[in-house]
Structures are given as C-alpha cells and as structure tokens.
Amino acid sequence: MKIAPDWTEYRVLATGDGEKLEKWGKYTLLRPDPQVIWHASVSLRNAKGLDAVYERSSTGGGKWQYFHPVPEEFTVGWRNLRFSLKLMGFKHTGLFPEQAVNWDRMIKLISGAGREIEVLNLFGYTGAASVACVSAGARVCHVDGAKAMVERAGENLRLSGLDNTRMRYIVDDCFKFSRRELKRGKKYDAVILDPPSFGRGPNGEKWKIEEGICELVELVAKLLSDNPLFVCLNSYTTGLQPTVMENILRLYLPKDAEIDADEIGLPTDEGLVLPQGCTAFATFGQQE
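Residue numbering for the sequence shown is 1 to 288, as defined by my numbering.
Hints are supplied without guarantee of correctness; some may be wrong.
Derived pair list, reagent style BS3-like, types lysine-lysine, alpha-carbon separation capped at 27 Å [unchecked claim]:
| # | residue 1 | residue 2 |
| --- | --- | --- |
| 1 | K108 | K91 |
| 2 | K187 | K206 |
| 3 | K26 | K86 |
| 4 | K26 | K48 |
| 5 | K108 | K63 |
| 6 | K255 | K206 |
Everything labelled a hint here was simulated from the structure, so no lab data went into it. This structure is a prediction, so every number in the text was calculated from the model and none was measured.
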C-alpha cells in the first residue's frame, strides 16, 4: 500500500458504515465510500462541525445536504500547489487526494530527468496531475471529454502560479485524440492514464474500462518517444487489481520497462488506512 504524502489541508477524520468524514481546508464533509464496509465507532452524522453530507438517492445519484454555508468554490493546497474545489454531483469535489502519491513520484522523475519532458495526460479530469508535472518543468497535453473539467485544469494551473503556455488543453475522446496524435507522428516521454470505470466522450462515445483498457495501453505504447520516462495507470474499479494492471502494462509496453503496482490509500485520524484504488507505474532507464 502506498500512502499519499504531505497533506496539510486535507485529512480523513473518521470512517464507517459506508462513509468517510473528511476535512477539506476549513470545511468538514461526509461522503459515501464503497470500500468502508466496517462500522463506525461513533455516529459520523453527528460529527462536530459537519458542514455538508452527500445523500444518495434510492433511484440513483444523490445531492448535497448543507448544515453550514460552503462556498460554491474554495481551494486547498498540497505543497506549493493549489486546487479549486466544488461540491459536485455524484459526491465529488474535483480532487482525489490519494493521487498525491503519484504526483510526488512524477515530480521526482521529471525533475531528475535532466531534459524537457513531454507529458500526455488522458482522462485528465481537473488536472491535478497535469499541474504537478508542469510544476516540475514538463510540458503537458491535458485531455478530457468534459469541457468544464478541462477549464478547471486551467484554473488549477493559474491558482498554482504556473505558466499557462506549458499546458495544452484538449476537449476530446481520449481514444480518438490518441489515434490522431499517432497519425501526426506525435510522441510523448510520459503518459498518465486515469480512466473511469465507465464514461462518455463529448460526442457520446462510450467507455468501459474492462473493454477498452488493453487497446488504449497498446495505443499509448506507440505514442511513447524513443527515450520514455514513465507511464502511470490508475484505477478505481474494484475488479481491476494491481496485478491485473501490472500485467496489462507488461504485455503492451516496451520490454525494458520497470513496472510496479500497488494499492494507494489515505491515512485516517483513527489509525486506519483507507484504500482508494490502485496504481501501476512503469519507468524506463532513469530511476528515482
């Protein structure tokens, strides 16, 4: 298990009964978490200072219930970076704190490369990984099917005081964009893959991770430069275990790739580690 480092403005306070109690900057939120199948030691619904809880609907989806005012947007920081948050539908805030374990590794690899690194971030969401890579000196192509998420990636870059010209913003289906890049002869030194379990592109393209991930990794392998640095594959899908992800990278990436895969998680104030998916990481040549 790899644990996300260096959070000072985010904490998991407590867990239990399918929920996690979190502190995001000044605000305390209660959200569902399917991994939390154990019982809470005390009622999380009665937590002191609870500002909002995400209530699931019996017909699917849900909504936020507010006990105290929470701004439409607010920010939290990780190291020298800042990210904009918003309480969105489907329980999300626009940031996945457990991914700090990968941001840390990417920053170290890019900073130690001794050359300019071109990064492709597919399913880039609100761009935390993209911002981390730019902060280390990389140029990033950030791709997501949702225009609003790509716009927020730009906002996170600006909040972090980084050069906007070092990030290229693309609203597109990740498969289609990658195929066009391949036809154009474009190459990348590093690729980040953070696919959802299920999703749709901007023109209704369907994505299901079990059906598409092998083809996508095979395509990514063709987009790698002659001197690649890393490939990072993330998954929140329960059935996609670390060894499965490691096998997929090992089958399709160049044979000299050094690959490791593990669960990633968050420490909690109650002394537990909360699992939050897994990551498979391939590095080439230059190691940390």
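Going down the list of hints, with the structure as the test:
Our distance criterion of 27 Å between C-alpha atoms is broken by K108 and K91, whose separation comes to about 31 Å. For the hint linking K187 to K206, the alpha-carbon distance of about 26 Å falls within 27 Å, and the restraint holds. Pair hint K26 plus K86 holds up; C-alpha atoms about 14 Å apart against a cutoff of 27 Å. For the proposed pair K26 and K48, the alpha carbon gap of about 13 Å is at most 27 Å, so the pair holds.
For the hint linking K108 to K63, the alpha-carbon distance of about 39 Å lies beyond 27 Å, and the restraint is violated. Note on K255 and K206: the hinted pairing is violated, with a Cα-Cα distance of about 31 Å set against a maximum of 27 Å.
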